[in-house]
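Chains as they are written, first to last, in the working numbering: chain A, 679 to 1080; chain B, -9 to 281.
Think of the hints as simulated: they come from the structure by calculation, not from any bench.
This one's a predicted model, so the numbers in the text were calculated from it and none came from an experiment.
We treat Cβ as the ideally placed atom computed from N, Cα and C, and that holds for glycine.
Any given hint might turn out to be false.
[Claimed, not checked] Residues from chain B shown here face chain A by an in silico Cβ test under 10 angstroms; the list is partial:
id : residue
1  : Val3
2  : Arg21
3  : Met23
4  : Gln48
5  : Gly52
6  : Ile120
7  : Ala219
8  : Glu221
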Amino acid sequence: MTDTLVQVENVSKKFCRGLRRSLWYGMRDLSSELAGSGNAGHAALRPDEFWAVKDVGFALRRGECLGLIGHNGAGKTTLLRMLNGLIRPDCGRIEVRGRVGALIALGAGFSPVLTGRENIYVNAAVMGLGRRKVDARIDEIIEFAEIGEFIDMPVQNYSSGMSVRLGFSVAAVLIEPDVLFLDEVLSVGDIGFTVKCLNRLRQLAQRSAVILVSHNMQHVSSFCTRVMVLEKGAITLDTEDAALAIDRYFDLVRHERQVSGTGAAQVLDLTLQAGAAPLAGTAPIPRGTPVGASLELEVGAGCPAAEVLLYIHDEAMAPLVCFPVQDAAGRSLLLPPGRHRLDIPLGPLELNSGKYSFVAVVRDPDTHTAFARVQGLHPFRVFSDATYWGRIVRPAPTTHEP
Amino acid sequence: MSANERSDMSPPVVRVYTPESPLRQPVGMLRGMLADLLASRELAWRLALRDLRAQYRQAALGLLWALFLPLANTAVWLFVQGSGIVAIRDTGLPYPVFVLSGTLLWSIFMDAFNAPLQQSNAARPMLARINFPREAILLSGLIQVLLNAAVKVAVLAAALLFLGVVPDWQAAFIPLALLGLVLAGTALGLLVTPVGMLYTDIGRAAAVAMQFLMFLTPVVYPAPTSGWAAELFRLNPLAPLIQILRDLLTGVPPGDLGAFLSVCGAMAVLLCLAWTAYRAAMPILIERMSA
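Same shape as in the complex, but just chain B:
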């Protein structure tokens, strides 16, 4: 049942537009956010379906493209390590298992990080002309990220089986940990979206920053155990997310659960703040777009 059908029976909606910031009325704003989130479900699903269909109808290799980049990355690192150009410390796992799981998980995080800005920019013509719940854009991006993530994890699991890694009962927690990873990506991505929609510099700078962040996360090599680099790894909130997921996937007893949970909690708070900012910023951003 869509929101529209229900509103047939309810008293007429009154919309008031003033220069005042909606942040001045937090209760009203929160109510609006939740109502729009509910109302945007159908639209989000439609938009996600539209994008996925369009994407795969026009690409002969379809889903394979989602895997292409992480697999290429894996190949590069296998070469780098195998040829002895770079010596990588023992990971506790066979190196192919370590690097494949790392790059695939990182690509899921990057998908989630890129989605809010990408989706919002792609929807510019719609945003500039039509009043629809803006949450639909974000939700649609999230649906696509989750679907892609499911495919990637399935492929990863199959590849790990092939490499001789058999997951145990703790694999049941993978979806939950995956949600944590996507939550972090979405929260960080959404945070830079408002400014990123104004200045394209943000998108580029973020891409570079993420490249650096990857090397501060145990993606292609394990965290160093001592020195200032180890300190940086400890401060990186993404490290526990990737590490826990890899542990779950490979049947290693999970490491620091407390760190994982506190990062998830912080990211959830950050997501709410970023969502509020996104919503408040939208009329200002649309003003600077051409109609």
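Pulled out of the complex, with its shape left as it was, chain A reads as follows:
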């Protein structure tokens, strides 16, 4: 089955920044709509408006899973809402064939006062599924959600994980869509449940066309057969090579440089060596490449001694690796006042694909007072063909005897 289920042609959608103006435009759109002229009359931007989605086109066949990635405000959700028929495009045309299933607002229509069981029926009805269908499969839903005896308790007493699991299960068990929309639904629940969801979605995906919006590159890498990168509403990359798109996504991550500390020391420069050569431009570093850092710094005359630590942070600025700079004997390397250049071997780069940057800290060895702390230094990307679940990826060659 290779029929085209989703056809998107030159679709654009504009949004307004300010609330007051937005409401006023809404009012004007409303009146022109009721006069029968629709959105077609004003395809141009009005003051304070911007293109949330601009000139997007693609076709999706059964069996394909399209990942939509991009940073916040890139237009992913807006595009999905148009595909789902919630809002109309300002330009272009969208055609969707077959039954549509959307796992977007999990647990829609849940009332906190009602029991889990009652809410299953409400939620199913919102998705257009009747009582008889639910009756036949309610045990399966409860089992999938791992709710057990709590099913007859009011939903307001559920933990947030439980209500999300219940919401997902109702949809996951009941829908049999031709076209499936997923918006960040997998980033909920514990990992055991997420794996179960992924497996269920994989089943559904085999006979449908799927569009997945996610910030989780592991999901995109393991789930999608095709990935599109959205930037400011426009598609800047549409490829079947998920690794390429993910690298592009990370390329768009900005690491802001931020300096703090007493100012008694200064970090002057950091350069990277990948393999044997200095790292050129913004090229990504293949995972596993041995890297070295060259750090230039100046310790002020007021400091009797200073020690240096280098960190690698991920795109959320969470520290991943710490390199305490040591001398040959394994003690902290103490620097006297003056200008220094340190060549620090960092070993093979075993990080999962992503965007990272360095943090350099020069501090007092005794009181740990930071003389200088610079974050967002030398952002770099790690490229690999597959994105894994770990932060650190170390392939393990194993001898195996049958």
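Given chain A's structure and the hints, the job is docking chain B onto it.
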């Protein structure tokens, strides 16, 4: 049998979204409206059941709250009239009967008037994220209004019996007249819903306007017989609705049936127009909601 089960056998549904207004294709739009109305029955029932259950499970006094406001209003007017602060012309009925029936009927009308905007606003999170027949929201509100109205009329009938008013055979027409009242409330309420969902001013302004309208309707005092006020009462389309219902309830020969029927007809037309507008407006309103 739900719409979904039937669609298993029918050829795949094709949905096309373009910037063009659906009003440009009236035939397609009408077909969509009727199909969605049919498809929304089960959901509407579920939502109504959900709201009613939630409402009464969390309120110790349950149904009594539906009666509280009209009864309080009645008490106020009985006091105002009884104490002689305001002199009210002879109503042709004992005043408690007149004012109790008036305020209860008016509260039914107000329930119907408020329901579309209230229900749509309460369903915002769902509307913004899920594509389901929007008619379900309205239908669910209507079910709740009708159930509440049935309770109110039952209580009213019991109270009238207690006050010594015995209805006659024409009481059989009460449900029909009640439908007319709810129809008018729904039509007027739905008319202001699209703009009301954008600007909260509308909801507040409507509440004030309705307060005025109540005093132009024979709710707590009878219609004046002469002067410009009498002219206003004559122009008020709600006057015949309330008056006929009160006549039916109290066994008085019903007044101007022609006026009642023409108001119902006009309100039915208005309801269809408002429904069409609501449907066409929905994507534009959702655009201005946060996802």
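Quiz prompt | Hints violated by the structure (listed by number, smallest first) | solution = Violated hints: 2, 3, 5, 7 and 8; rest satisfied.
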